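Visitor: Each chain, written out:
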Amino acid sequence: MSFQRIWRLKDILLNLVGIKCSDCGYTSYPPKAACPKCSSRNVSRISLGSSGKVVSYTVINVPIEGFENMLPLVIALVETDNGRVLTQLTNVKPEEVYIGMEVEATVRRSATTLDGYVPYIVKFKRSSTNNA
Amino acid sequence: MHAGIIGWGAYIPRYRIKCSEIAELWGFDQPLVKSLNIEEKAVANVDEDATTMGWYAARSAILRAGIDVVGELGAIFVGTESKPYAVKPTATIIGDALGLPNKKLTSDMEFACRAAGEGIRISIGLISSGMLRYSLVIGSDTAQANPGDVLELTAASGAAAYIIGPKVESTAYFEGAYTYTSDTPDFWRRDGSPYPLHGEIFTDEPAYFNHIVNSVRGLMDELGLRPDDYDYAVFHQPNGRFPLKVGTELGFTKDKILPGLVNPWIGNTYNASALLGLAKVLEEAKPGQRILLATFGSGAGSDAFSIVTTDKLLTKVNIALKVTDMLNSKIYVGYDTYAKYRKLLERM
Ligand SMILES: [Zn+2]
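Top to bottom, those sequences are chains X and P. Under our numbering, read the first sequence as residues 1 to 132, first letter to last. Under our numbering, read the second sequence as residues 133 to 480, first letter to last.
Quick caveat, the hints were computed from the structure, so don't treat them as lab data. Each hint should be verified, as a subset may be incorrect.
To be verified - Listed next, with one range per pair, are the computed distances between beta-carbon atoms:
no., chain 1, residue 1, chain 2, residue 2, range
1, P, G231, X, E96, 25 to 35 angstroms
2, X, S47, P, V219, 57 to 67 angstroms
3, X, A34, P, E416, 47 to 57 angstroms
Said to hold, decoys possible - Once the Cα atoms are required to be at most 27 angstroms apart in a straight line, the calculated DSSO-like pairs of lysine-lysine come out as:
no., chain 1, residue 1, chain 2, residue 2
4, X, K10, X, K32
5, P, K236, X, K10
6, P, K235, X, K125
Note that the structure is predicted; figures quoted are calculated from it, not measured. For every residue, glycine included, the Cβ atom is placed at its ideal position computed from N, Cα and C.
Based on the provided sequences and hints, a complete structural model is requested.
Guide: So, in C-alpha cells, the structure goes:
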C-alpha cells in the first residue's frame, strides 16, 4: 500500500471505524458506502470498540515482502461488541491462540512501506488486567 | 504555580532479557553487571516503538484524568531520543490516534533523557498562565545500544505519560520546579548513527551527579524545604546504583528512594525512566504526601520538581494498568529474540 492510501485510511486503521446499517442493523468493517447485506445507503459510522473475542484465526509462515521480521503472522477474526474485524494478533505465539480468547485493541507498527513510511495500525493482543 | 497532575499512565513492554545473558555473550565481567544493580531489562516487540508505547501510556493517562479532558487538550509534547522518524513528529501520530483536537501545540522534544521533564515545566507555565487548560506530556524511548557496548546492559524500552492541568483538579500539584543545565559532553548520538557514544566514567560526577545535586538543592533552597520534608524521592535511573548514591548524597534516606526505583527490573527507559518511577510512587502514595522528582538528560541537565499529592489521588489509581502490574507481567527472551525485536539483525 502507498503511504497516501494508508493516510487516507488512517481512521479505519487506527480507530476501527466501521458502519452500522440503520435499516437492517448489520455492522461492517471496513466501512462501505452501502450496507453489504441489504444494500441500503442509510448507514452511519461507528467505532467497533476496543475489546473482543477470537472467532477464528490462521497462521502465516511464508514471508510477505516487508513482513519478514514479524513472522509468524497470526491473523484473526475478532468479534467486538459492535462487529467483526479481520486483524493481526501481536505479543502471542500461534500455539497460544485459541478460539474464544479475549483480546483487546492496541496500536502497533505494520510493515514499513517501500518509501520508508511507517504505518501505525490497530492490532489485538491478549486482554487481561495483568497483561500489558 | 497553579498546575498539577490530572492523570498518569505507564507502559512497559512484556518481554525481558536477563542482563547476565548479555554480559555472558559479550564476555563482560559478571561483577560489573552486579555493580550496575540491573537484573533484567524490558524489550519492546518488533512492532513497537516510541510512538506505540507513548500511545498506550497516554491512553491510560487520559483514562485516569477522565475522557472529558480530551476536548480541552491544548498541547502534546513527546520527549524521546528514539523517534521513529528523524524528521516527522511523533506527537502528531499519537495525537491523531488518540483523537485529540487539531487546535493544540504539538512537538517532539529532544534533550537526551530529560526532554519530557522540560515538557512538564513548559506545561506548568502554559497552564498557570491560563493559556491552555490541559497538556499531555509523554516520555517514550526504545533506547539504542551498540551490541557489546556496556550500555547494552541497561538501555531498555518503556513509556510514561502525564496529563497536566489546573491545580484545583489535580491528583498531585507542583509547588516548585528548578532546572539546571550546562554543556557537558557525557553522551551523544550524531545524525545518521544508529547508536550513541558515551564518556564512560565522565557520565557520573560531572554529568549525572553535578546536575541532579544542583537542581535538587536549588529547588529545596527556593522552597525552604529539607530532605526530611519529603516522603518519596524519585531520580532518573541510568542504572540501579546512581539514584541511591545521589539520593543519599542529597540527604534522602534509602526507604524514600526505593519505592520509585524501577530500573533494576526493566533497565533504563530514558525519557520514561524517572517518570515511570513517579507513576509507581503515585500508585502507592497517600494524599498529602510530598514527592521529589529529579530528571536527568545527558548533554546535560536536570529538572527537579516538588510535588504534593491530593485527596483525589486514590480514586485514580485502579482506573488503568499500574506500574507494578506491568513489572510483574513478563516473558523472558534470549539474546537471539532480543536482537530480532530490537533490529540488531538486518536482513539483506
Ligand atoms: Zn442493511
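Visitor: For every hint, state whether the structure bears it out.
Guide: Taking the hints in turn, this is what the structure says about them:
1. At roughly 31 angstroms, the beta carbons of G231/P and E96/X sit within the given window of 25 to 35 angstroms.
2. About 32 angstroms separates the C-beta atoms of S47/X and V219/P, a value inconsistent with the hinted range of 57 to 67 angstroms.
3. Judged by the Cβ atoms, the range 47 to 57 angstroms given for A34/X and E416/P holds: they are separated by roughly 54 angstroms.
4. For the given pair, K10/X sits about 15 angstroms from K32/X by alpha-carbon distance, which is consistent with the 27 angstroms threshold.
5. Annotation: proposed proximity of K236/P to K10/X holds, straight-line Cα distance about 20 angstroms (limit 27 angstroms).
6. About 32 angstroms separates the Cα atoms of K235/P and K125/X, which puts this hinted pair outside 27 angstroms; it is violated.
The structure is inconsistent with the numbered hints 2, 6, although it conforms to all the rest.
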